[in-house]
Amino acid sequence: MENSQWSSFRLRVNVNCKPEDAYRMWATPAGLENWFLRKATFADADGKERQTDELLQEGDTYQWLWHGYSDSVKEVGSVLKANDNDQFTFTFSMGSPVSISIYQEAGETIIQLVESDLPTDEETRLQHFVGDSKGWIFYLTNLKSVLEGGLDLRNRKEELSDVITA
Amino acid sequence: MVISPLSYLKNKVHTNYNLADHYLITETIDSTSQVNGVFGMGIITVSEGSLKAQINQSAYDITPGSFIVVNEGSLLTLKANKRSTMWLLLFKSSVAKVVAAELFHKRETDGLNYESIRNHQLVEHIHYINASLTDRLMILLKSGSSCASFQQLKSDGIVRSIIEDLSSKNLEAIQYSAKLPVKKEATRSDLYIRLSIAHDWLARSFKTALDMEAAAAVAMMSSAHFTRYFKMVYGITPYQYLLEIRMQWAQEQILNTTDSIQQIAQEICFETLSSFSYQFKKWCGLSPRQLRKSQMMN
Chain A
1 MENSQWSSFR LRVNVNCKPE DAYRMWATPA GLENWFLRKA TFADADGKER QTDELLQEGD
61 TYQWLWHGYS DSVKEVGSVL KANDNDQFTF TFSMGSPVSI SIYQEAGETI IQLVESDLPT
121 DEETRLQHFV GDSKGWIFYL TNLKSVLEGG LDLRNRKEEL SDVITA
Chain B
1 MVISPLSYLK NKVHTNYNLA DHYLITETID STSQVNGVFG MGIITVSEGS LKAQINQSAY
61 DITPGSFIVV NEGSLLTLKA NKRSTMWLLL FKSSVAKVVA AELFHKRETD GLNYESIRNH
121 QLVEHIHYIN ASLTDRLMIL LKSGSSCASF QQLKSDGIVR SIIEDLSSKN LEAIQYSAKL
181 PVKKEATRSD LYIRLSIAHD WLARSFKTAL DMEAAAAVAM MSSAHFTRYF KMVYGITPYQ
241 YLLEIRMQWA QEQILNTTDS IQQIAQEICF ETLSSFSYQF KKWCGLSPRQ LRKSQMMN
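These protein sequences, in sequence, are chains A and B. For what it's worth, the working numbering labels the leading residue of the first sequence as 1, then goes sequentially. For what it's worth, the working numbering labels the leading residue of the second sequence as 1, then goes sequentially.
Calculated directly from the structure, the hints in this document are not laboratory data. The beta-carbon is built from N, C-alpha and C at its ideal position, and this holds for glycine as well. Check before you lean on any hint, since a few could be wrong.
Within a straight-line C-alpha distance of at most 25 Å, the following computed SDA-like cross-link-like pairs (lysine to any residue) qualify [what the hints assert, rightly or not]: (1) Lys142(B) / Met94(A); (2) Lys82(B) / Tyr128(B); (3) Lys74(A) / Ser8(A); (4) Lys92(B) / Tyr23(B); (5) Lys92(B) / Asp71(A); (6) Lys97(B) / Val163(A); (7) Lys142(B) / Lys81(A); (8) Lys18(A) / Lys74(A); (9) Lys39(A) / Lys142(B); (10) Lys81(A) / Glu102(B); (11) Lys52(B) / Leu90(B); (12) Lys74(A) / Arg118(B); (13) Lys74(A) / Asp165(B); (14) Lys169(B) / Leu75(B); (15) Lys39(A) / Met138(B); (16) Lys134(A) / Arg24(A); (17) Lys92(B) / Thr141(A); (18) Lys82(B) / Ser66(B); (19) Lys48(A) / Ser168(B); (20) Lys207(B) / Ser146(B); (21) Lys157(A) / Leu141(B); (22) Lys142(B) / Ile164(A); (23) Lys144(A) / Val98(A); (24) Lys74(A) / Lys82(B); (25) Lys207(B) / Ala217(B); (26) Lys282(B) / Trp249(B); (27) Lys157(A) / Val233(B); (28) Lys142(B) / Val163(A); (29) Lys134(A) / Ser7(A); (30) Lys142(B) / Glu159(A); (31) Lys207(B) / Ser132(B); (32) Lys74(A) / Ala131(B); (33) Lys142(B) / Asn130(B); (34) Lys97(B) / Thr120(A); (35) Lys79(B) / Asp30(B).
Partial chain A-side listing against chain B, Cβ under 7 Å, derived [claimed, not checked]: (36) Ser72; (37) Val73; (38) Lys74; (39) Gly135; (40) Phe138.
Make the full structure from the sequences, and use the hints.
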């Protein structure tokens, strides 16, 4: 693989749902807590906390807590783009942007995730390219399951660690 | 056997965890081993046994439940008093720099410069481990071989949060120590560190019957000097500080447990229920019984 190919990855999942439902799963605090996070707290540019069902906007900042981990493990970042419809981008691992695009194909809704601008040194490749893509594969699968009315596959027990479901 | 830091890390990172933002090494050593050199910024603790640590000119005993902070550039010597399992969490310099820069821009740092924020000399001493730090260290230890999702991201977040805590404490220390009327920086730092160790010791020993002589001894100064300097730095006397810690703890117990008021008072060394009730009402505005009753009604 050439060096530049380690700087981003793309994942797609097909979901039997309305595109607007898929968008809300990414762009509202309550939506994110349905399939991804234990607690998603967002604040607008003035520092005012967003309501759980409010659509997130560019410039919002976040603090995320994970299922299976105490409050001492948190992720912070910001929303880079939100068009209230089909495009949503936020900072993630090492500040790299994650862009979500939602569109239709063959009668189904496609959720496409692109994580880009990852550093390409060997250490980062192993730790972030591999680790992040592996993590998103589980969570996108869980998103599909939740949106199609199936099980939420996440581990919620703090005493259970070292599993791919959290 | 004396081991230099570089060769130590080189030998260890493959068997332990060389993660993006940090090195975490856990190893059981005996009293014949010694680690000596400049490691960079980090924290050191033990899960069993004890270590004798020398940082520059100061010596500390590290036992389970305590840890030391090592500043970047400090000369560190570690020796085991007996067979001990040590934990070395070393931060990569670039991350510590980013955290310090963020802190510098976010907080009230009037009169300070960025370089002074980066120097963690004032927190380079013995500290007591709290549950949150233990929790984070345990997660980091497990994370090296974990298959959990976004493990690297979570580890980086934990390391950042530990550095943020240290840097916040450092900033607080810079601001507190500036209140001491000592011109020479080295003397002021030394004085502040001794006060800070005694301050933490009081917070940890609040369930023990103790007098201020004992706290002054921890700070290695006379009782009169200790009280005077403590008040200059923290704005209250050591006795008031101890009382504050005890009252906060008592309030928590009254609200969250079914322990009797008598039991609670005894645990924090009040000889009579009436003296405890008097102090508590003065502090809280309600007597212990009134507070519990109001809690039950709510």
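For each hint, the structure was consulted:
| no. | hint | in the structure |
| --- | --- | --- |
| 1 | Lys142(B) / Met94(A) | holds, 21 Å |
| 2 | Lys82(B) / Tyr128(B) | holds, 21 Å |
| 3 | Lys74(A) / Ser8(A) | holds, 23 Å |
| 4 | Lys92(B) / Tyr23(B) | holds, 8 Å |
| 5 | Lys92(B) / Asp71(A) | holds, 24 Å |
| 6 | Lys97(B) / Val163(A) | violated, 33 Å |
| 7 | Lys142(B) / Lys81(A) | violated, 35 Å |
| 8 | Lys18(A) / Lys74(A) | violated, 31 Å |
| 9 | Lys39(A) / Lys142(B) | holds, 23 Å |
| 10 | Lys81(A) / Glu102(B) | holds, 23 Å |
| 11 | Lys52(B) / Leu90(B) | holds, 18 Å |
| 12 | Lys74(A) / Arg118(B) | holds, 24 Å |
| 13 | Lys74(A) / Asp165(B) | holds, 14 Å |
| 14 | Lys169(B) / Leu75(B) | holds, 22 Å |
| 15 | Lys39(A) / Met138(B) | holds, 22 Å |
| 16 | Lys134(A) / Arg24(A) | holds, 23 Å |
| 17 | Lys92(B) / Thr141(A) | violated, 35 Å |
| 18 | Lys82(B) / Ser66(B) | holds, 17 Å |
| 19 | Lys48(A) / Ser168(B) | holds, 24 Å |
| 20 | Lys207(B) / Ser146(B) | violated, 39 Å |
| 21 | Lys157(A) / Leu141(B) | holds, 19 Å |
| 22 | Lys142(B) / Ile164(A) | holds, 14 Å |
| 23 | Lys144(A) / Val98(A) | holds, 18 Å |
| 24 | Lys74(A) / Lys82(B) | violated, 37 Å |
| 25 | Lys207(B) / Ala217(B) | holds, 18 Å |
| 26 | Lys282(B) / Trp249(B) | holds, 15 Å |
| 27 | Lys157(A) / Val233(B) | violated, 44 Å |
| 28 | Lys142(B) / Val163(A) | holds, 12 Å |
| 29 | Lys134(A) / Ser7(A) | holds, 15 Å |
| 30 | Lys142(B) / Glu159(A) | holds, 13 Å |
| 31 | Lys207(B) / Ser132(B) | holds, 21 Å |
| 32 | Lys74(A) / Ala131(B) | holds, 16 Å |
| 33 | Lys142(B) / Asn130(B) | holds, 19 Å |
| 34 | Lys97(B) / Thr120(A) | holds, 21 Å |
| 35 | Lys79(B) / Asp30(B) | holds, 8 Å |
| 36 | Ser72 | holds, 5 Å |
| 37 | Val73 | holds, 5 Å |
| 38 | Lys74 | holds, 6 Å |
| 39 | Gly135 | holds, 4 Å |
| 40 | Phe138 | holds, 5 Å |
The structure is inconsistent with the numbered hints 6, 7, 8, 17, 20, 24, 27, although it conforms to all the rest.
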